[in-house]
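**Q** Given these sequences and hints, build the entire structure.
Residue numbers (our numbering): 19 to 429.
Check each hint, because a few of them may be wrong.
Said to hold, decoys possible - The following label-pair restraints were derived from C-beta to C-beta distances:
{"id": "1", "residue 1": "31", "residue 2": "225", "range": "34 to 44 angstroms"}
{"id": "2", "residue 1": "355", "residue 2": "376", "range": "21 to 31 angstroms"}
{"id": "3", "residue 1": "363", "residue 2": "249", "range": "37 to 47 angstroms"}
Bear in mind the hints are in silico, worked out from the structure with no lab data behind them.
If you're wondering where the values come from, they're calculated on a predicted model, not measured in any experiment.
In this text, a Cβ means the ideal position worked out from N, Cα and C, and glycines have one as well.
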Amino acid sequence: MMQQTLDRKTRNLILLLFLIGVFMGSLDTGIIGPVLPSIEQAFNLTSREASWIFTLFVIFFMIGSPVMAKFSDFYGRKKIFILDVILFGIGSILIASAISIEAIFIGRIIQGFGCGGIFPVGGAFIGDAFPLEERGRALGILGSVFGISAIGGPLVGAALIPFGWNWCFTINIPIAIFLIAFAWYILPELEDERKLNIDYLGIIMLSLLAIFLAYGLNQIDSSNFMSSLLSKNVLPFLIAFIILIPIFLKVEKKAEESIVPIHMLKNKEIGIACIETLCYGIIYSSAIFIPSLVILSMGLNDQYASLMLIPILGANAVAAPILGRILDSTGSRTVMSAGTIMLAIGLIAIAIYPNNLIFFIIAGCLIGVGLVTIIGAPVRYIVLTEAKPYERGAGQAIVNMLSSAGQLIGA
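**A** Laid out in structure tokens, this is it:
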């Protein structure tokens, strides 16, 4: 097996490679917030039109995750990871040089598709390269990047905007070039490549599911929730999404090489982990709005909004590698149970004492640690452990899709 042929130095370099790749992709997700107003002004867009810059990325992230992960299981992690980074870089170039909003939309589509593959391929490669007793640590370190980039994204965006919104995407280009060269040098080739019968029907149906869900949710007006929910721009798309789910599952069960390996959900551990991922994706997305609610209750100035995220995201980043080591020694059940309790205590504390800054900081730290124990390394650890080696990429993609769907619903 690969993990038996790689020395510790090489494994750590591989981990560093994926840390940079995940950081690049997740930083771009966080950076978009401060950039949107500038793009709106530059292209004379409404807020609804500008929101598609985010929504298109999410849609094609959800599509790209299973497609590129499946390809990596058959054609090799190295080739597909490099392809993912190339796509992300091309998308960044299109956006940075865009003279029309259509060019930005196309760039975000390409970016989302490439980024969707970076995350699961990286997670699957950890399963290939690291022995069981070191996977928790590696996944924990990888998970900490999400917290760091979530903090860094808005800050980097705010710092680059004075030089022009284009620079928020130009910054990806040298990182992508470095990653391509680094991956070409350090990643080993997968020896047992197999021929893949592409599940075209599954890809089409998955794309429709992502589009219907994202479009329907994007059209909901939170200030007039029920009325907008029943409108022609929302209800038909959500109904179509619900109707397509059982059809998609049936198609995937019959497919020779399904793009989403539904049979993996029959595994009790993976099935439970996937349900938890969807539920806590919703909670994770909703938790992002907690600081805004607390700011209102405390009467603080809006300029402190980003600072109020630091307890949640900072604890997330610090706790992830520590919890990864605990995961290696105790297993996922203990870590996830403790995380659920901490998350519950944090949410209850904010609900009871919404205008107490000290309680918010403490509760925010508990929420941050709770979230990373639930939707971070433990779930990916379970899937890596339970999935067959040639299905690790597809398994990680399922986690990505459900987490993204949950966050889309929660937002």
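**Q** So, for every hint listed, does it hold in this structure?
**A** To see whether the hints hold, each was checked on the structure:
1. Between residue 31 and residue 225, the C-beta spacing of about 35 angstroms keeps the proposed range 34 to 44 angstroms intact.
2. At roughly 27 angstroms, the beta-carbon separation of residue 355 and residue 376 lies within the given 21 to 31 angstroms, and the hint holds.
3. For residue 363 paired with residue 249, a C-beta distance near 39 angstroms keeps the hint of 37 to 47 angstroms intact.
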